[in-house]
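*Asks:* In the working numbering, the protein residues as written are 15 to 59.
Treat the hints loosely; a few may be bogus.
Claimed, not checked - Label-pair distances were calculated between CB atoms; the ranges are: (1) 48 - 17: 31 to 37 Å; (2) 40 - 17: 41 to 47 Å; (3) 57 - 36: 38 to 44 Å; (4) 16 - 46: 32 to 38 Å; (5) 57 - 31: 18 to 24 Å; (6) 54 - 28: 28 to 34 Å; (7) 42 - 19: 23 to 29 Å; (8) 53 - 30: 19 to 25 Å; (9) 55 - 34: 28 to 34 Å; (10) 40 - 18: 26 to 32 Å; (11) 48 - 16: 16 to 22 Å; (12) 17 - 38: 37 to 43 Å; (13) 42 - 17: 36 to 42 Å.
Keep in mind that the hints were calculated from the coordinates and are not lab data. Ideal placement from N, C-alpha and C gives every residue a C-beta, glycine not left out.
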Amino acid sequence: MVVDQFRAPTYAEDLALACKISMDTKAIGIFNVCSNEILSMYQIA
15 MVVDQFRAPT YAEDLALACK ISMDTKAIGI FNVCSNEILS MYQIA
C-alpha cells in the first residue's frame, strides 16, 4: 500500500469555476488549478 505519496486533486466544480472566472475576466496565459486539500493516495482510493 502506498502511504508516502500525496496529491492535491482538482474537483470538477472547482475546475469549472476557474474556467468561468478565466473566461469572464478574459485571462491570458497558463494557469494551474488544484485543491488546497492534500490527500494521500489511500484517502483518494
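*Asks:* Does each hint fit the structure? Answer for all of them.
*Replies:* Hint by hint, here is what the structure shows:
Here the CB-CB span from residue 48 to residue 17 is close to 21 Å, at odds with the stated 31 to 37 Å. In this structure the supplied range 41 to 47 Å holds for residue 40 paired with residue 17, their Cβ-Cβ distance being about 44 Å. A beta carbon spacing of about 29 Å between residue 57 and residue 36 contradicts the range 38 to 44 Å that was offered as a hint. Hint check: residue 16 to residue 46, Cβ distance near 24 Å, so the stated range 32 to 38 Å is violated.
The hinted window of 18 to 24 Å between residue 57 and residue 31 holds, with their beta carbons roughly 23 Å apart. Checked against the hint of 28 to 34 Å, the C-beta distance between residue 54 and residue 28 comes to roughly 19 Å, which is inconsistent with it. As the Cβ distance of residue 42 to residue 19 is approximately 34 Å, the hint placing it in 23 to 29 Å is violated. A hinted range of 19 to 25 Å holds for the C-beta pair residue 53 and residue 30, which are about 20 Å apart.
At about 30 Å, the CB distance of residue 55 to residue 34 agrees with the hint of 28 to 34 Å. In this structure, residue 40 and residue 18 break the distance hint of 26 to 32 Å, their C-beta atoms being roughly 42 Å apart. Separation of residue 48 from residue 16 is about 19 Å and conforms to the stated range, judged on CB atoms against 16 to 22 Å. Between residue 17 and residue 38, the C-beta spacing of about 41 Å keeps the proposed range 37 to 43 Å intact.
A hinted range of 36 to 42 Å for the beta carbons of residue 42 and residue 17 is consistent with their spacing of about 41 Å.
Hints 1, 3, 4, 6, 7, 10 from the list above are not met by this structure, while the remaining hints are.
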